[in-house]
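Q: This is what each chain is made of:
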Amino acid sequence: MSVSDRIDAVSRRFKRRSPSDVQTLVLALLAGSVAVAVLTPLLWVLNSARSVPIDRFLEILLRQTTFDILLNTVVLVVAVTALSILIGVPLAVLTAQTDMPFRRLFTVLAALPLVVPSYIGAFAFVSAFGPRGELATVLAPLGIEQIPSIYGLGGSVIVLTLFTYPYVFLTTRASLLSIDGRSVEAARTLNHTRLAAFRRVTLPQLKPGIAAGALLVALYTLSDFGTPAIMQFDVFTRIIYVRTTARQVDIASIFSILLVGLTVVILLAESRIERGGETSAYVNRGTDRPGVVRLGRWRWMATLFPLAIAALALALPPAILLTWLGRSTPELAGAAVDFQWEFAWNSVLVSGLAAGVSVLAALPLAYLSARGEGRLASLPERASYVGYAVPGVIVGFGLLSVALNVTPFLYGSIAVLVFAYVVRFLPQAVGTTRSSILQVDPQLLEAARTLGKPPLAAFRKIVLPLVMPGIVAGAALVFLTSMKELAATLLLRPFGFETLVTYIWQVQEAAVYGQAAVPALVLIGISALSMLVILGRERYDVKE
Amino acid sequence: MMTTDDDTRDDGSTSERHRPSRRRFLAAGGVAATGALAGCTGLFGGGDDGDYGPPDYDAADAAMEAMAISEFQGSGAILEGRPAPGGRSMEDLPNLSGELAIYLGGGEGGLYRDLFDVLEAVYPDFSYTAQPKPSSELAAQIAEEAQTGQLQADVFISIGAGSLGAVVEEGATRPLTAETVEPVPGAFVEPDNNWVGIAGRARAIPYNTDQLDESDLPDSVMDIPDADPLQNAMGWAPTYGAFQDFVTAMRLLEGEDATLQWLEDMQAAGIQSYDNEFLISDAVSTGELDAGFANHYYAMRVLNGSPDRPLDLHFTRGDAGSLVNVSGAALLDRDENAGLADVFVRHLLSAEAQEFFATRTYAYPMLPGVQPVGDLPTIDELETPDIDLTELSNTGPTTDLLTEAGVL
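Quick note, the sequences are listed as chains A and B, same order. Following the working numbering, the numbering of the first sequence begins with 1 at its first residue and continues without gaps. Following the working numbering, the numbering of the second sequence begins with 545 at its first residue and continues without gaps.
Not one of these hints is a red herring.
Covered by chain B, per the in silico footprint, the following chain A stretches (three or more residues, Cβ under 8 Å): (1) 230 to 237; (2) 400 to 412.
Reference listing, derived: stretches of chain A covered by chain B, where coverage requires no fewer than 3 residues with Cβ under 8 Å from a Cβ of chain B: (3) 240 to 248; (4) 483 to 496.
It is worth saying that the hints were derived from the structure and are not from the lab. All of these numbers come straight from a predicted model, not from anything done at the bench. All residues carry an ideal CB built from backbone N, CA and C; glycine is no exception.
Modelling step: build the complete structure from the supplied sequences, incorporating the hints.
A: Right under this line is the structure:
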């Protein structure tokens with residue numbers, strides 16, 4: 001804890017009975033109700049689980065298949081998270097702290113895979129590397145008949161890593177950009193080698209950033225249904241989906257509860273890492289960036305790494321989509337509804353609303369967690385992550401039931417769909433907002449207050465402009481993940497309301513893959529724009 | 545309505561439209577006969593009593609031109625020399641009028657919509673909104689909606705009888721009129737008329753004729769795991785609804801133990817999993833697989849696109865392997881559009897619509913007078929198992945078996 005933080009803490013302690021207590025109470029109430037609201041779909045799960053007799057519960061719990069699926073899920077989550085760190089952190093260092101050529105271009109390229117829906121990625125990978133894929137077709141004349149199978153754990157890990165590592169990349173890069181260069185210089189003057197300085201000074205400061213990104217990767221992996229389904233790898237989401245649609249909601253709910261348990265374990269693990277590095281989640285006062293690492297003759301070689309990742313994650317899926325476009329399916333010509341631009345507009349509308357609602361809901365959670373005292377203050381923020389880890393089909397059926405029973409007048413409107421997105425993706429907005437609040441010097445607010453500004457005005461005039469970039473980045477993240485959400489969209493969209501993903505689902509169901517190309521490219525294109533918003537915020541950071 | 549027939553025919557013939565006759569007839573009728581129409585809302589206002597009066601022969605005459613059979617027929621080598629479809633013609637049916645909301649289950653949603661679009665074009669006062677989703681998800685959703693009395697759609701069209709049975713069990717349906725289900729054989733109608741089949745889908749074994757002889761394939765599906773030529777050569781799609789219905793049928797016919805044994809034996813015989821049954825049929829036709837488990841029409845699709853592929857269908861005899869399941873329709877129990885929904889389903893069972901299902905989706909028609917495409921055996925020639933399709937809704941124990949066998 002730095003000296004100023006201590007002073008800050010002491011001064012806060014002295015002001016116990018000040019009007020700010022009322023503020024804190026209001027804030028806590030707001031944050032608490034947001035947390036309760038986003039947890040409502042889980043009430044449905046608990047309610048359905050209630051009907052299961054305890055012996056049946058134990059019997060299902062203790063089955064060999066339950067254990068296998070748990071093991072598969074854990075292995076998948078650990079592998080994807082570890083691999084994402086191994087890709088995301090070096091990419092962040094390369095683009096933020098070295099003299100590698102075309103750093104800005106590679107920053108954009110490294111972040112973009114996040115906009116590709118992982119089920120489209122998985123599909124592209126099967127088309128490219130599956131038993132009858134493009135690669136097999138190319139290799140067959142060369143006498144190579146068998147290529148290693150893309151299905152199973154391997155394929156799931158590769159695909160999920162390629163399309164989720166940008167979370168780690170983005171959060172690590174943000175941390176890197178906010179590191180006070182003077183501490184690194186100090187270490188260097190104390191005879192540390194560059195590597196030792198990185199390990200002992202930079203890395204500890206990066207840890208919370210890496211952990212925040214890894215958390216998003218781990219929870220996304222836990223909740224993803226499409227990739228393991230296409231890769232034929234058995235995890236919780238698949239069993240939950242199968243059981244839910246077989247109307248065995250009780251069994252699905254048991255697995256959902258296990259999944260929530262796993263989520264809580266992951267959240268606790270991440271909290272420990274973050275608390276361990278709490279001193280580094282500090283107020284960024286320094287404007288000195290650490291010196292750039294000169295790569296010397298490795299300068300150009302270094303570009304091969306981001307290039308290879310971009311080729312797999314960014315070039316391959318559109319290339320496969322374009323071959324579909326060229327592929328005619330005469331036996332099914334005219335089988336599916338033609339693509340309409342209205343679908344794209346619908347996608348943008350609901351995702352945009354979800355982004356707007358999410359950032360508003362995120363503010364109290366993030367503020368309380370960043371500025372509140374004690375572990376209780378972080379509880380609403382932590383709780384909001386649970387929805388992110390729950391598969392869309394559970395959120396979908398949960399909200400379906402809640403809407404039918406509690407707010408029937410909203411059932412079948414886009415309000416329910418937007419709320420589903422908020423439940424699933426709110427933590428992304430909370431995360432970016434919280435980290436930008438942490439970077440605002442609380443003394444600025446105090447200063448404004450001493451100058452006679454009422455609390456809300458001080459917040460609006462001082463804090464809000466400073467945290468705006470974080471809010472905008474959060475909105476963009478929620479927007480682009482909502483754009484690609486499939487399960488809840490399919491279930492909760494109003495009658496006659498089609499979006500890009502529901503259209504892609506329909507033509508893919510009808511095996512008219514060629515017709516999926518245009519909407520998929522439109523989806524990726526629109527989401528890419530919002531990714532530019534996220535990176536644009538960075539440029540602002542750098543310039544300040 | 546009847547009183548304005550003459551006027552409208554005169555009016556109609558003076559205005560040239562791209563879609564002739566019935567549309568023109570009704571459009572003109574709508575203008576000329578507003579007063580008359582007000583008196584017979586049972587016909588045009590979407591009344592609930594299902595009484596649509598006697599067939600409107602004059603309108604039907606006009607419709608003849610509009611609904612040339614080519615509107616409904618598919619194309620391709622497979623359809624050459626087809627006889628004209630027999631059965632109740634669409635032109636003998638009451639008009640469709642009003643707005644219908646349809647829950648549309650599963651994969652062939654796009655194809656079915658082509659048919660609905662034709663109906664929309666023929667009847668200017670008729671329009672529909674469809675919400676496509678996987679059938680099993682829709683059944684679960686309908687169950688939830690029915691519990692709170694907030695059904696959103698008038699008709700549920702499912703790709704399998706299992707999901708239809710499920711919504712009937714939940715009390716979410718009301719019966720179709722006897723007149724609507726009358727031409728369909730009893731096996732494809734729920735005993736209380738709560739759902740009716742609109743297109744049949746037979747389980748089959750697509751096999752590669754370069755790699756296998758039909759004599760390599762057992763007549764009993766239960767013998768397949770032991771058949772030497774089929775070791776490490778087959779594929780199935782265990783997450784696919786139609787496959788699960790097939791396992792349910794096996795469970796009902798052979799018992800749980802035998803089914804579990806069969807599932808385990810198939811895995812021991814090195815069966816490979818696929819995402820859906822079109823992929824299986826395609827893989828068989830390219831030689832990636834020698835044979836597989838799939839609905840019959842996927843092979844027909846592959847063949848209509850690539851007629852030279854060495855692909856044929858084998859049907860087992862009198863067991864789960866030759867189950868004929870149906871795509872079917874149920875009326876959802878809500879106050880709106882009751883009559884319209886029933887007459888809509890009646891249209892789906894007309895000779896023209898059945899010709900559409902037969903030639904566009906390669907399904908088994910529900911009317912005896914309409915032939916299946918190509919050299920498919922007729923339903924009578926298939927030795928289908930004796931099974932109540934409604935029982936296919938009991939999927940719970942099946943999922944348990946599939947999980948226990950490690951297939952799901």
